[in-house]
Amino acid sequence: MAGQRLMVGFEGVRFNDTLRYLIDTLCVGGLILFSRNIESPQQLADLCRSIQAYAKRMGRPPLLISIDQEGGVVARLPSPFTTFPGNPAIGKQDSDQGAIDFAEITSRELNKAGINMNLAPVMDVAPIGFDSVMKKRIFSHNPGRVAHLGSIIIRYLQKNRIAACAKHFPGIGHTTLDSHMDLPCLNKGRDELDSFDLAPFRAALKADVSAVMLSHVVYMSIDPDWPASLSKKVAYDLLRNDLGFQGTVLTDDLDMGAIVKHYDIALIIRRILDADIDIVLLCHTLSTMRSAFEEVIAGIKDLPEARKRCAKSVDRIFRLKERCVELS
Numbered sequence: 096m097a098g099q100r101l102m103v104g105f106e107g108v109r110f111n112d113t114l115r116y117l118i119d120t121l122c123v124g125g126l127i128l129f130s131r132n133i134e135s136p137q138q139l140a141d142l143c144r145s146i147q148a149y150a151k152r153m154g155r156p157p158l159l160i161s162i163d164q165e166g167g168v169v170a171r172l173p174s175p176f177t178t179f180p181g182n183p184a185i186g187k188q189d190s191d192q193g194a195i196d197f198a199e200i201t202s203r204e205l206n207k208a209g210i211n212m213n214l215a216p217v218m219d220v221a222p223i224g225f226d227s228v229m230k231k232r233i234f235s236h237n238p239g240r241v242a243h244l245g246s247i248i249i250r251y252l253q254k255n256r257i258a259a260c261a262k263h264f265p266g267i268g269h270t271t272l273d274s275h276m277d278l279p280c281l282n283k284g285r286d287e288l289d290s291f292d293l294a295p296f297r298a299a300l301k302a303d304v305s306a307v308m309l310s311h312v313v314y315m316s317i318d319p320d321w322p323a324s325l326s327k328k329v330a331y332d333l334l335r336n337d338l339g340f341q342g343t344v345l346t347d348d349l350d351m352g353a354i355v356k357h358y359d360i361a362l363i364i365r366r367i368l369d370a371d372i373d374i375v376l377l378c379h380t381l382s383t384m385r386s387a388f389e390e391v392i393a394g395i396k397d398l399p400e401a402r403k404r405c406a407k408s409v410d411r412i413f414r415l416k417e418r419c420v421e422l423s
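First residue of the sequence shown? That's 96 in the working numbering, and the numbers climb one at a time after it.
Keep in mind the hints are simulated off the structure, nothing from the lab.
Quick caveat: nothing in here was measured; it's all calculated off a predicted structure.
Check before you lean on any hint, since a few could be wrong.
Unchecked claim - Estimated spans, in silico, between C-beta atoms of each pair: (1) ASP112 x GLY154: 16 to 22 angstroms; (2) GLU106 x THR177: 21 to 27 angstroms; (3) LYS151 x PHE225: 44 to 50 angstroms; (4) THR380 x ASN255: 32 to 38 angstroms; (5) MET315 x MET276: 18 to 24 angstroms.
To be verified - Below 35 angstroms or equal to it, Euclidean Cα-Cα: the simulated DSBU-like pairs (lysine-lysine) are: (6) LYS403 x LYS151; (7) LYS396 x LYS231; (8) LYS301 x LYS231; (9) LYS407 x LYS328; (10) LYS151 x LYS231; (11) LYS301 x LYS407; (12) LYS327 x LYS403; (13) LYS396 x LYS327; (14) LYS403 x LYS328.
Even glycine gets a Cβ: it sits at the ideal position worked out from N, Cα and C.
Work out the full structure: start from the sequences and follow the hints.
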């Protein structure tokens with residue numbers, strides 16, 4: 096149960112001992128791929144096939160295998176995979192065809208490679224003239240346009256059995272500090288967040304998006320004490336209760352400076368378990384992955400309510416897998 100809550104990165108382009116450890120010992124529920132794991136379409140397909148075959152041989156559930164394939168500045172798949180100009184270029188087109196083509200072609204290439212989850216689309220929106228950290232990754236400065244194009248991509252990805260993930264909830268378009276470096280604080284009123292930042296995410300939920308990724312930003316008007324990725328007020332009260340999302344919720348990468356500079360892994364996991372956040376994303380540090388696994392076990396041991404919440408999270412993860420992974 097504990098390992099299913101983990102989605103982790105790894106080094107290498109071939110199946111290796113680290114993957115054996117992650118699958119058989121930590122029993123991780125998912126993996127995330129980066130450029131460091133990809134050489135060619137055939138190599139990638141062989142790697143993903145080996146991962147799922149080993150999991151099956153060890154009696155483990157099939158894995159979510161995810162990637163950040165937004166197009167433009169965030170694209171992990173090299174040539175000869177199809178190259179796309181990115182969300183700003185799609186947003187400037189007069190028609191929806193760019194979004195449709197991106198989702199159709201990307202889902203086809205991901206399916207062929209054995210990847211079943213795309214950590215996209217970006218549903219953030221930034222004001223015109225604002226030097227947002229997301230300015231090269233957003234569809235538009237108009238929340239309605241972001242909502243429309245993002246929803247198209249969600250529907251077309253998921254029509255082709257690629258789980259989509261709307262990010263970075265509840266919106267990081269107003270931030271100038273990169274959370275890879277440190278922890279941003281956003282002092283915007285709740286009314287502005289509701290009308291501007293949250294509008295695309297409401298559309299994503301209406302489009303039945305499989306997953307939502309939480310940002311590493313403190314939203315002072317919602318929870319001045321914790322970043323969204325560790326906040327019950329954001330993940331449970333806002334996303335689940337107020338907006339009614341029943342799908343899978345995951346953190347952004349917990350190896351980022353916004354988190355590791357301020358919190359230790361024991362506290363991180365306690366916050367995540369308490370907030371009904373389903374998946375812990377750890378992209379780089381093996382020792383932290385091991386510690387996270389141990390902390391999840393410790394966090395639910397002898398605590399019936401915590402075990403009950405964990406079981407519900409695992410159920411949501413398996414419902415996600417049913418949408419995009421062959422479970423038999």
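Hint check results:
1. Roughly 19 angstroms separates the CB atoms of ASP112 and GLY154, a value that falls within the hinted 16 to 22 angstroms.
2. Look at GLU106 against THR177: about 26 angstroms separates their beta carbons, and that is inside 21 to 27 angstroms.
3. Against the hinted window of 44 to 50 angstroms, the Cβ-Cβ separation of LYS151 and PHE225 comes to about 48 angstroms, which satisfies the hint.
4. For THR380 and ASN255, the hinted distance range of 32 to 38 angstroms is satisfied, since their beta carbons lie about 33 angstroms from each other.
5. Look at MET315 against MET276: about 20 angstroms separates their beta carbons, and that is inside 18 to 24 angstroms.
6. With a CA separation close to 27 angstroms, the supplied pair LYS403 and LYS151 stays within the 35 angstroms bound.
7. The hinted pair formed by LYS396 and LYS231 fails the criterion: a straight-line CA distance of about 44 angstroms is larger than 35 angstroms.
8. Restraint check for LYS301 and LYS231: satisfied, since their Cα atoms lie roughly 26 angstroms apart, inside the 35 angstroms limit.
9. Distance hint between LYS407 and LYS328 is fulfilled; the C-alpha atoms sit about 18 angstroms from each other, no more than 35 angstroms.
10. Distance check on the hinted pair: LYS151 and LYS231 sit about 40 angstroms apart at the alpha-carbon level, beyond 35 angstroms; violated.
11. Our distance criterion of 35 angstroms between C-alpha atoms is met by LYS301 and LYS407, whose separation comes to about 22 angstroms.
12. For the proposed pair LYS327 and LYS403, the alpha carbon gap of about 17 angstroms is at most 35 angstroms, so the pair holds.
13. The straight-line distance between the Cα atoms of LYS396 and LYS327 is roughly 21 angstroms, inside the 35 angstroms bound, and the hint therefore holds.
14. The straight-line distance between the Cα atoms of LYS403 and LYS328 is roughly 20 angstroms, inside the 35 angstroms bound, and the hint therefore holds.
Of the numbered hints listed earlier, those contradicted by the structure are 7, 10.
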